[in-house]
Amino acid sequence: MESVIISVLRRTIVAGTPLLLGTLGEIMTERSGVLNLGIEGMMALGAVSGFIVTYTTGEPWFGLTTALVMGMLISSLHAFVSVKLGGNQVVSGLALTMLGLGISGLWGKPFIGKPLAVKMQPIHIPVLGDIPLLGEVLFRQDAFFYIAVVLGLCFWFLLSHTRWGIEIRSVGEYPLASETQGINVHWVRFSCVLLGGALAGMAGAHLSLSYSKSWTEGITAGRGWIVIALTIFSLWRPLRAFTGAFLFGGIFVLQYLLQPLGISPSFLAMLPYMATLGVLIAGGVKRERRRLQEPAMLGEPYVR
Amino acid sequence: MKLFIKVERRDSTSIPLTIAVILLSLLIGFCLIAGLLAIQGIDPLFALGKIFAGSFGRIYGIGETITKGIPLILIGGGLALAFRAKFWNIGAEGQLLSGAILSTWIALNWAPHLPAVIVIPLMFLAGFLGGAVWGFFPALFKVRFGVNEVISTLMMNYIIAEFLNMLILGPWRGESRMGFPYTDSFPPSATLYQLPNSRVHLFTLILALCFAFLLFLLIYRTKFGYEVRVIGENRDAARYAGIDFFRNTIILMVISGGMAGMAGVGEVAGIHHHLTYPQMISSGYGYTGIIVAWLAKLNPLLAIISGLFLAGILVGGDAVQISLGLPAATVHVFNGILLFSLIMGDYFLLNRLLITIRRDRAEGRTGGV
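Top line first, the protein sequences correspond to chains V and X.
For the first sequence, the numbering used here begins at 29 and goes up steadily by one.
For the second sequence, the numbering used here begins at -10 and goes up steadily by one.
Only chain V is shown next, with the shape it has when bound in the complex (with noise of 0.2 Å):
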């Protein structure tokens, strides 16, 4: 029984590692005051160019970089479009979820069913691995979830307690305020969109190297648009990110618990899209506080 609950439990941090990665990145976007709607084109070019590039050299971290400078090079499309250009929001954000789909799809035609020989090895903490449950649950995990845990630390950091974290704030809430400070808005916001993009396609790496270790096409199966739920859910916070993501990550695991007791697999893939609605939806009952919460320049363009 116990070795039951330490399984379910660790791949819950693995299931939930990918979302709080794009989560992570998405929340530092939007609080520059730029919504990105294309993380599941991002984290789809992330994980085939990693599953790529680890699959030729055998070296997982090279696979994991490059998925992250994927992320960023792609992002920047939008990046130029929402912030240098102004244009839409939404639909550049659509635009760039078809065209990270579809390059992926074409990329990644040839490594379909092909299985990765090597993988991201777990770590081993020394000490806090050696805890009963919790070590094993949380301090045997592969390099992902320990970069997920420090990024998030860093970031809250960052925003509430560095001049850096109150510039990006500050972008997002007023940026005609920010720029009579000298702030760039621009550069800031672009900058902002980058780091969305890197973790994005860091958590596609996730998909291709860790979770799955192969590649097919719909690797991401919705979790792009989960993250975006995600952000709100968290209400823009790192630290909050947490509980959302685990949460979530638990729910993707519930479908394979759940699959042995004879109930559809179909309905089981729908769990996690009717949680994410029911999140939303409960969210909305305590709407006053979230609209407090969101930076109030999200999605509208800066014209200088």
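Please note: incorrect hints may appear among the correct ones.
Unchecked claim - Calculated cross-link-like contacts (lysine to any residue; reagent style SDA-like; alpha-carbon spacing at most 25 Å):
1) V/112 - X/2
2) V/314 - X/233
3) V/142 - V/93
4) V/147 - V/31
5) X/75 - V/93
6) V/142 - X/30
7) X/75 - V/311
8) V/142 - X/29
Derived from the structure by calculation, the hints contain no laboratory data.
From a predicted model like this one, the values you see are computed outputs, not experimental measurements.
Based on the hints, put chain X in the right spot on chain V.
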């Protein structure tokens, strides 16, 4: 010699300028697609030629283009209405499936006992209703709980697709299908007439053209359409003017969803004659419809042209996939690139670039772009 570029906001845009910018955007889009194909090691001229030959070149290709244009015209018109109010309905895919499911229920249960004159209108009514219900919920969530409609409509897409899988793998699996995940074939009274040597289901085509015209009138000639446009232009102004955001949002999403639902009826009654996997019923029409609406500048009548144009790309994309062995996702690449070039083009509709060339103090030529 120095080059100065000054950006100015345009007060208004003329129609010739709009057309020129859109055509130029599409041209640039195709150049980018050609570049990407070249990177893939594919001769871009051959591939692009294949796309146009496959979609507009032969009689069969034209038939296929019109066939795929039918759902795109319906969906594009519905999305144009929703986008006018800045309600980002990304759920046309799910609304299409919902319409297909409900009309299939009519076809399987009532059609064997009734003549086509009654069954076909009933099916389209059911399809409209199915799509409308699937559009109603995100609208309700938005006005009542402030739920972001992009996420809710998308989640509804996933949910209905899985629900459809559940039906065709479970209770609706046809008895004559030997285990394949299809429903039984529709009885003849529930199928639509197809033009000879094509899959063009004429009834839906006429319906789509009529609805495009009706939607055009609705947007430009009625109080409702005016209110929808005001909400889209400036929501605060709409509120001060006493425009009912709640009521208008619900109505426009019922219509927008219903349009997609009818597209679903056309697919099952006009082409497949049974219900099957979601990706077989709709080859991403709900998402392509977004580009149709955007390219048509949110005008349902222009959506007829842009719908046929993008249908051509879908058909040509299929042709190029088969002859070059490319994956199905290639069409997404085309769509994404074209949509990007279109929004980039919008920049030049909203702004005027003044390019000045100056030579050694002497004032140079000034040209507006």
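Check: Among the hints numbered above, which are violated by the structure, and what are their numbers in rising order?
Finding: The structure conflicts with hint 5 only, although it agrees with all the remaining ones.
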